[in-house]
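S.K.: Next come the chains, spelled out residue by residue.
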Amino acid sequence: MKIQEADAKSLLLAQGLPVPGWEVVRSAGDARRAAERAFEAGAVKVVVKAQVLVGGRGKAGGVKVAGDADAVEAAAAAILALQIKGIQVRKLLVGPAAEIVREYYLGAILDRVSRRIVVMASAEGGVEIEEVARVNPAAIHRLGAHPHLGLLDWQARQLAFAVGLGGPHLREFAKIAEGLVATMLVNDADLVEINPLAVVRETGPDGMAVERLACLDAKITLDDSALARHPELEALRDLDEEDPADREAREEGINFIKLDGSIGCMVNGAGLAMTTMDLVKRAGGEPANFLDIGGGARADKVAAAMRIILADPQVKAILVNIFGGITRGDEVARGLIEARAVQAREVPMVVRIVGTNASEAGALLEANHFATASSLDDAAAKAVAVAGPAR
Amino acid sequence: MKIQEADAKSLLLAQGLPVPGWEVVRSAGDARRAAERAFEAGAVKVVVKAQVLVGGRGKAGGVKVAGDADAVEAAAAAILALQIKGIQVRKLLVGPAAEIVREYYLGAILDRVSRRIVVMASAEGGVEIEEVARVNPAAIHRLGAHPHLGLLDWQARQLAFAVGLGGPHLREFAKIAEGLVATMLVNDADLVEINPLAVVRETGPDGMAVERLACLDAKITLDDSALARHPELEALRDLDEEDPADREAREEGINFIKLDGSIGCMVNGAGLAMTTMDLVKRAGGEPANFLDIGGGARADKVAAAMRIILADPQVKAILVNIFGGITRGDEVARGLIEARAVQAREVPMVVRIVGTNASEAGALLEANHFATASSLDDAAAKAVAVAGPAR
Amino acid sequence: MSILVGRDTRLVVQGITGREGDFHSRATLEYGTPIVAGVTPNKGGQRALDGRVPVFDTVAEAVRETGANTSCIYVPASGAPDAVLEAAAAGIATIFCITEGIPALDMLKVVEVVRAAGARLIGPNCPGATSPGRAKVGIIPGSIHREGGAGVVSRSGTLTYEAVQVMTDAGIGQSTCVGIGGDPIIGTTFLDVLRLFAADPETDAIVLIGEIGGSAEEEAAAWATEHLQGVPMAAFIAGRTAPEGRRMGHAGAIISGGSGTAASKIAALEAAGIRVAASPMEIPAILRAAGYQG
Amino acid sequence: MSILVGRDTRLVVQGITGREGDFHSRATLEYGTPIVAGVTPNKGGQRALDGRVPVFDTVAEAVRETGANTSCIYVPASGAPDAVLEAAAAGIATIFCITEGIPALDMLKVVEVVRAAGARLIGPNCPGATSPGRAKVGIIPGSIHREGGAGVVSRSGTLTYEAVQVMTDAGIGQSTCVGIGGDPIIGTTFLDVLRLFAADPETDAIVLIGEIGGSAEEEAAAWATEHLQGVPMAAFIAGRTAPEGRRMGHAGAIISGGSGTAASKIAALEAAGIRVAASPMEIPAILRAAGYQG
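Those protein sequence lines, which keep their order, are chains A, B, C and D. Mapping to the working numbering: the first sequence position 30 is 1108, numbers consecutive. Mapping to the working numbering: the second sequence position 150 is 1228, numbers consecutive. Mapping to the working numbering: the third sequence position 89 is 112, numbers consecutive. Mapping to the working numbering: the fourth sequence position 139 is 162, numbers consecutive.
If you're looking for bench data, these hints aren't it; they were derived computationally from the structure. Where a beta carbon is used, it is the ideal one built from N, C-alpha and C, also for glycine. Treat the hints with care, since some could be wrong.
[What the hints assert, rightly or not] To be clear about the criterion: a stretch of chain B counts as covered by chain D if any three or more of its residues have a C-beta under 8 Å from a C-beta of chain D, and this derived list gives those stretches:
| id | stretch |
| --- | --- |
| 1 | 1262 to 1273 |
| 2 | 1298 to 1304 |
| 3 | 1344 to 1352 |
| 4 | 1444 to 1456 |
[To be verified] With a cut-off of at most 30 Å between alpha-carbon atoms, the simulated DSSO-like pairs for lysine-lysine come out as follows:
| id | chain 1 | residue 1 | chain 2 | residue 2 |
| --- | --- | --- | --- | --- |
| 5 | D | Lys132 | C | Lys132 |
| 6 | B | Lys1123 | B | Lys1297 |
| 7 | A | Lys1253 | D | Lys132 |
| 8 | B | Lys1080 | B | Lys1163 |
| 9 | C | Lys132 | A | Lys1253 |
| 10 | A | Lys1253 | D | Lys66 |
Bound-form chain A, shown alone (with noise of 0.2 Å):
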């Protein structure tokens, strides 16, 4: 699960991470607010964030930095205006702009090739990491952290030599890695980025002019496996961003994801459904949707499905792989039955049922005038012929 920004943040202040003050305001007028407060307490300048889970925040013009509060009330109303792939802006972070001296990036990431949490740092920071990993793969420096002591000082040390932060970065860069871990540790999280990290220049109580580190955005992405026993952040979830759909799936326990095609897949099992989205483009369709009902699904799970998938008005034609193993064949057909006699609009449907009481769910689905299909490929071309052709 993808949290947002201002929510890292908080996970990241929780671990003792420099973080700077922010609110998050849902008007423009509220932004205005939020920005006074910070010019008085002494910001030069404020900078106003939309809060959206998608990627490409800046580009889209969903971050604005300006001197005086009328400027925020129109940053703000000019970014609560916007649409970033798709997604309706409806918060926005206010808080002082940091004077940025030099941007650094680091990230935590669960690996699955070491089995560590891999620490990355870079010099090379507040640009899209991907985009040096790609270019200059050796400004990033990696590291295994210990998989029951997370990241030891000594690793951390090594890591803030090597992007140059020695001298008298060397203690808060290590604090701030090991606070990093430990935010991944304590969160259950798979990925935790700050990006940019960076050495702002602040002034301190006497007048003078200070460096020091600070956090100036933060990512984090949740084990949803782990959300279970952190219900604190379970109550994180955006569900003003959240589709109605996904949220019945996520609800019914269903993995669902909405794409572009016109043809309905339920499946069992994510490898299966990957396969039979692979196939349906092979024979000429387009997938409407991802969707693995998972092991041992019953009737009423089935019935969920189906709703989920006719929800979309593209959806002209639906196929059902079902591979039975945990999950009973004629279950599945039954649940076919029964979500078909109370289904919103009529769409044709192939089914294709194997395994574990396929005999008796081919007779149900026979019973019912359902049409059939015997192989993987045979189903994906019957799918696609009934459906019309692609866009």
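Fit chains B, C and D to the known structure of chain A by using the hints.
M.R.: Same frame as chain A, now just chains B, C and D:
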């Protein structure tokens, strides 16, 4: 550092272990009032326990159970009048007395041989566990906790089954055993013991009898080396029971233990200090103390050590034995000269300084008319000779 | 011989009295695999599966009393990591963890401890393994198999069944079929299984079924280039049409950056001389074309 | 050959720019031991010990640039566990940790990681080791030694110096003298060092200096019974007169229950045929009586 039962119980409580409530009082009147509160809350009997850091309270009459407030007040007065192993009782724990169904032992200790935290459990609880270990070692079940992950759930279950606490108390026991190790890890303890851990009978809110596990006594020893990072634990040090000489030694970083003999010893290094005591005894004397001034001690520390030794009126002679490595002999000699100039009373002294800067030390000592010795055995013999015969 | 499971398998089922454990253990027994013990804390002394299997409180006791050497875990996600650790500490050599939904950071630690204990973990979130005609551990339907010499290794569940069924229908039997699981952190990788197949005299051909995400397939391909020349192989990669950057169902399928895409995996496999099927149905033909006679 | 330190020793000193590190490193250099590098974070690029030794920011860099194979740690207690872990990760084979006052639970974890990394840790809270005439690491005064064939192993600091001085004065030289440290959790035990001495062709006699607390001496005695028959040995145990149940200075000296007493240790050693001196001064005579000619 040993801490009082009441403090140990607080640390267990902080890890979620089931510890019946208590109050700590310093007078019989306060004990009475605490007991009245306990009776009001439903206690049938109340227990009064001396809070002293030495073992054998029970045998010494330091634990009493009473059925009404008068009896509690009398018991408290009697216990407050006790000296247990030379320690005046100043504090009492007062709380409801549990109805014990069956007693168990549960302890965790840092084991130097296996280099693990070893968790021990026994169905023979409520008695001296050392006695059980001697008479029936098979009755104590042991398990090494994982060095990184602590006590694993299956380990806790295994111990539960071993002591016959499968069944309704399995989860309770596992939680307590895991909490025991967590208490050790969180507080940097060397030893955490619950004896007895007991199945107690209580009356539930519905008036029905319920049985559950409860920690009725607790003993915790903290790692002195780790106290610096636990200021809240340092605050638990019982200054009431600390001798002024012990306190000065601790504050000066001197390892000091008072003994009953007449020859004060000042040595650098614990092993050499014990050896010096052994040789004093072998030469027919009795050491008055163990005292290790540590490595690299300077003149002021030497002077402090001298004050601590001379504070003991039984001391009739002082043996100084220094093998200079980090410690410089001339520094020690200078400290001795300074200390003698201001010392409270005249006591014969035998000084042996070898190793680093021994010849400079020798010259200083000679110029100031100190009695010196060359070998270890010689030094011990001379000290015994000047002190006169042991009692 | 076969790998991982075989005639020497003596199985203990952890969580045998649960719904899943009971259901699949019956199928395992029917397949002829000896389930020598079950473990459910506080149910020690009972008998499971209609009295056919003794239940113990701890794995250590089960091992001591029955000589179990392989474990299959159906314990719910909250207790499964501990179940794996218990099995490893009790000296179980091969541990299958079927349970899905275990937090990845738990597995990070578990995998490390299991490795240090010298045990082998397959999964979690895996369907198990079958050596047709010898033994089956886990939830792969026994009916799809046929005895033979092709080893199958897969990150997927039902997709594996699909591929195996196609092979069986085409007359190509299997030495062992292994589902290694789709979670980000798993105990046994493609590469580990390829090594085992390479050393198994009864495995004469290998089928590898991967999917987008991670780089385990690329890693396996690189190793195959050096160590599996001359072994007839076929592969399939699910997710050619999956959009980038989205999760496809389980966490096994994240695409990040340029690596981990179907294209990258297919290129790596083809570079190793392994033909990649466009549909699982093509697998038998590819094996035949690679010279597999079995 | 000698053990642990010798002609092949290439030393890196962690904490070389601190007061202790500087002081003892000078003595180490004077003894002729090559200190090839120092490590102090943020002082990389400087030179220590009057310009004689290059300083690096990390141990990894020091190893890469100088081929250091042995480390000596003078880092304060708060940073010492990390320093040990850094050395082990950088491939240092032999790590001496002189630092005292490290929390025992920290060492529990460090010892586990060091063991897994295949490195050897001596200490913490140890004086180091000297192979007279070859190399010295740590804080044992070089002047007390004499080249020879007796190996000395001890849990103590100054008591070791005392014993070694007595041996040297009696004309008995040492192959290697090792202080293993007095803390409850240490990296290398008596037994470990006895094994090394047993395998060292240049060690012809062994002196073991123990103290009350724990059971390492008993363990060592049991091993010696089987593996060191015929090797002239002598022992000394400090704390015969220590009262039970009190700590004598460092945590190494707790007596608990009946085990760990001086009497128990002396009995175990005598049962193994090792005579225990009543005073360190008796050690040379015991070695001679045991047939040591060196």
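S.K.: Now tell me if each hint is right for this structure.
M.R.: Evaluated hints:
{"no.": "1", "hint": "1262 to 1273", "verdict": "holds (count 4)"}
{"no.": "2", "hint": "1298 to 1304", "verdict": "holds (count 4)"}
{"no.": "3", "hint": "1344 to 1352", "verdict": "holds (count 8)"}
{"no.": "4", "hint": "1444 to 1456", "verdict": "holds (count 3)"}
{"no.": "5", "hint": "D:Lys132 / C:Lys132", "verdict": "holds (14 Å)"}
{"no.": "6", "hint": "B:Lys1123 / B:Lys1297", "verdict": "holds (23 Å)"}
{"no.": "7", "hint": "A:Lys1253 / D:Lys132", "verdict": "holds (21 Å)"}
{"no.": "8", "hint": "B:Lys1080 / B:Lys1163", "verdict": "holds (16 Å)"}
{"no.": "9", "hint": "C:Lys132 / A:Lys1253", "verdict": "holds (23 Å)"}
{"no.": "10", "hint": "A:Lys1253 / D:Lys66", "verdict": "holds (19 Å)"}
The structure fails none of the hints (numbered hints given earlier).
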